[in-house]
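Trainee: Let the hints inform the model, and build the full structure from the sequences given.
Residue numbers (full-length UniProt numbering), protein chains in the order written: chain A, 1 to 90; chain B, 1 to 455.
Hints listed in this document are in silico derivations from the structure and should not be mistaken for laboratory results.
In silico negatives: residues of chain A with every beta carbon more than 12 Å from chain B:
1. Val29
2. Asp30
3. Thr33
4. Ile35
5. Glu77
Here are the simulated lysine-lysine pairs, DSBU-like style, with alpha carbons at most 30 Å apart:
6. B:Lys218 with B:Lys334
7. B:Lys304 with A:Lys34
8. B:Lys218 with A:Lys28
9. B:Lys65 with B:Lys273
10. B:Lys304 with B:Lys90
11. B:Lys304 with A:Lys76
12. B:Lys404 with B:Lys350
Among chain A residues calculated to face chain B with C-beta under 10 Å, some are:
13. Leu13
14. Phe15
15. Glu20
16. Ala60
17. Asp67
All of these numbers come straight from a predicted model, not from anything done at the bench. Cβ atoms here follow ideal geometry from the backbone N, Cα and C, with glycine treated the same way.
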Amino acid sequence: MNADGPVVNVHVLFFAKSRELANTPRSKVDVPTKITASDLLDLLVSRFGLISIRDNLILAHNESYIDNLSDTVLFKEGDELAIIPPLSGG
Amino acid sequence: MIESEVDSERSKLKREIAELRAALNRKEQCLRELEVSVHTNARAEQEIVGNAVESPGGAVRVHTKLTNDDIARYSRQLILPDFGVQGQLKLKNSSVLIVGLGGLGCPAAQYLAAAGCGRLGLIDYDEVERSNFHRQILHSEDRCGMPKAESARIALLQLNPHCEIHCHSRLLYSQNAMHIIRGYDVVLDCSDNVPTRYLLSDACVMLRKPLVSGSALKMDGQLTVYNYGNGPCYRCIYPVPPPPEAVTNCGDGGVLGAVTGTIGAMQALEAIKVIVGLGDVLAGRLLIFDGSSGLFRNIRIRSKRPNCHVCSAQPLITELIDYEMFCGMHATDKDNPLQLLSTDERLSVKNYQEKLQAQPHLLIDVRPTAEFEICQLPDAVNVPLVEILDDSYLKRFGKQLEDKQLPIVLLCRRGNDSQIAVQHVRNRFPTHSVRDLIGGLHAWTNIVDPSFPIY
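Mentor: Have a look at this one:
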């Protein structure tokens, strides 16, 4: 992650278990305009205390699933990230 | 009539009604058993003659016409241009397996039976109990203790006697899953645990069955259709199971019946769309329902994962595995007692009541506040586990905690969280007496005070 590059502010939505762990349904976070998905995931995990569900969540950028952790994600100001762990109850 | 006569007449009538109801239940059970055995014999004969469909319990004949009763009963959906007579016939010739007759399975089964699905299979190992009623709306007070599949069957036949219903009142696991699932066209995952979700996904990939997967907890719901068209399977999305401590079940986290009802009804809708070939099936998309804000969202999820262990062109897993082992969890939503502490580090409820309750001590109930408000022991103070773990309790009890002679007793609902709390508090105060109540409030009700409420 290039700490000196340009940064934008994006919305983060938390669902299910991640909402409990982050202790909020939504937040905002500064992210680099260009970042690999795995670095993005690490940033969110450490910022919001999501370590216990790191490997078991859907990370969606503007309502699209981020397929591959080695992909590069490009951000614009005001983009939306959603963190969606599985629910198993019924 | 004087008041005492009214009372005795009332209890006499209540008793007689209860006896009649029990007799009625017994007769109905006999009738069901008779019908099942007649049905099984008839099928065995047809198999000998050789005109039965291959699948176990498969549809023996194909309906090509609607009856007058069908037309009257389904008129409001028959006139839907996209559904029509062909849609109704497809539904009448279809079979759907519903796994779990709980908060999701009840409404899903209800809408499918009502809509005229020809054959429903119901799987549930569990029995009806009082804590089910708020969301499992096919079950009723007089069927407490009955297998859930049987109870659901009774309610569904009242709704639509033309629906053929097969009950599988046992746990679905690797050894019986393929055999049971093979006989159905579509599978609904209405289960409540992670191992069953992986088991159903793998089995449905192997048998090429669409899997309509719903889940719900608290105020949240999720819905998608796996293994349909180019869409992914459960493993494509979640290749590794979550750690057991990150999984909350409805018994611990709570759930609102209208939330499971919303998702269950939508599972029925997706199953109907798959069967009839109607609209855009929710595959490759995950619907997320946030009941607290009333928001539905659709997330585009991936297509098949090219290296998926099960559904890719070169699968590594080609037969069912041990899913409880794979997930490190049981295939039920029942709790397993934690054993973090040895017995001498803990207190039985009896011992607490006899030896300590009347003495000076600090009794800390570590349940969430909403649960503490339901019921609490005398003199208990509520400090939710999170406030123990983040040490914010220290400020509140600073003075009392200085006294090393004051025993600290921690408790919770079942004696699991209280052990975690003991470990944490003892690290901070190694010379204090810090123990917890074995079995928690459930043990208190069972052993000390039967009038104490249980939830």
